[in-house]
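**Student:** So the sequence shown is residues 186 to 348, counted in this note's numbering.
Hint data in this document are derived by calculation from the structure and do not stem from the laboratory.
Because the structure is a prediction, the values reported are computed rather than measured.
One thing to keep in mind: the hints can contain errors.
[To be verified] In silico lysine to aspartate or glutamate, EDC-like type, Cα no more than 20 angstroms apart, as pairs: (1) Lys227 <-> Asp324; (2) Lys226 <-> Glu338; (3) Lys226 <-> Glu328; (4) Lys258 <-> Asp211; (5) Lys227 <-> Asp342; (6) Lys227 <-> Glu328; (7) Lys227 <-> Glu252; (8) Lys226 <-> Asp211; (9) Lys226 <-> Asp324; (10) Lys226 <-> Asp314; (11) Lys227 <-> Glu338; (12) Lys226 <-> Glu252; (13) Lys258 <-> Asp314.
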Amino acid sequence: MPPRRVRVSAGKRPMSRTKGSLTIRDFLALVHEGVLGRLGKKLDGLDARQRFGYLQYYRGSPDVHYEVWAQRKTGRLEIGLHFEGERERNYLAAELLAMRAPDVLASIGPEYELEEWTQAWTRLHRSFDAPSLTPEMADDAAERVVTLIRGMEPIIDQMELRR
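Construct the entire structure; sequences and hints are all you get.
**Tutor:** And the structure:
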């Protein structure tokens, strides 16, 4: 059964939750607007979904996806490439990326870390302080996730990391 798609809202300026801070939903909608502005309406063939505190971009199966995750409770924002499919494939993807670490980091920047996230999932990610979610931070997050997508898509395709 294909994954359920959730419409990502865009186009409307969000209302602030508190002075200077957006709700997570509105923040992620602004991130998505920024990604659309950089990749175009067709998102270079990627699908998008927004759920709870995160926004994902994927091609085909969402098992391999780019994610922007706003964590209000901890005041952190994470941007990453997640492998959340079968354990063996996730670990193989991490192992292959580790072997290409210089190429990967040259494509996306040295701030990213490759790690086991759960017993089954792996991720290449970076996390930074986000004490309040602002339109400026949303624009920065959009730029960062687009840089990650553009840097990693050729590597993912070359290494055949998708099903």
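**Student:** Now, for every hint given, state plainly whether the structure supports it.
**Tutor:** Hints, verified against the model:
Between Lys227 and Asp324 the CA atoms are separated by roughly 19 angstroms; this keeps the pair inside 20 angstroms, and the hint holds. Taken as a hint, the Lys226 and Glu338 pair is honoured in the structure, with Cα atoms around 18 angstroms apart against an allowance of 20 angstroms. For the hint linking Lys226 to Glu328, the alpha-carbon distance of about 16 angstroms falls within 20 angstroms, and the restraint holds. Proximity of Lys258 to Asp211 is assessed by CA-CA distance (about 16 angstroms); at most 20 angstroms being required, the pair is judged to hold.
The hinted pair formed by Lys227 and Asp342 meets the criterion: a straight-line CA distance of about 19 angstroms does not exceed 20 angstroms. Among the hinted pairs, Lys227 with Glu328 is consistent with the structure: their alpha-carbon atoms are about 17 angstroms apart, no more than 20 angstroms. For the proposed pair Lys227 and Glu252, the alpha carbon gap of about 18 angstroms is at most 20 angstroms, so the pair holds. Under the criterion of a C-alpha separation no larger than 20 angstroms, the hint pairing Lys226 with Asp211 is consistent with the structure, at around 19 angstroms.
Annotation: proposed proximity of Lys226 to Asp324 holds, straight-line Cα distance about 17 angstroms (limit 20 angstroms). A C-alpha spacing of about 29 angstroms is found between Lys226 and Asp314, which places the hinted pair above 20 angstroms, so the restraint is violated. Of the supplied pair hints, the one linking Lys227 and Glu338 holds, its CA atoms being roughly 15 angstroms apart against a limit of 20 angstroms. Restraint check: the Cα-Cα separation between Lys226 and Glu252 comes to about 18 angstroms, which is no more than 20 angstroms; the hinted pair holds.
A distance of roughly 12 angstroms separates the Cα atoms of Lys258 and Asp314; the hinted pair therefore holds under the 20 angstroms criterion.
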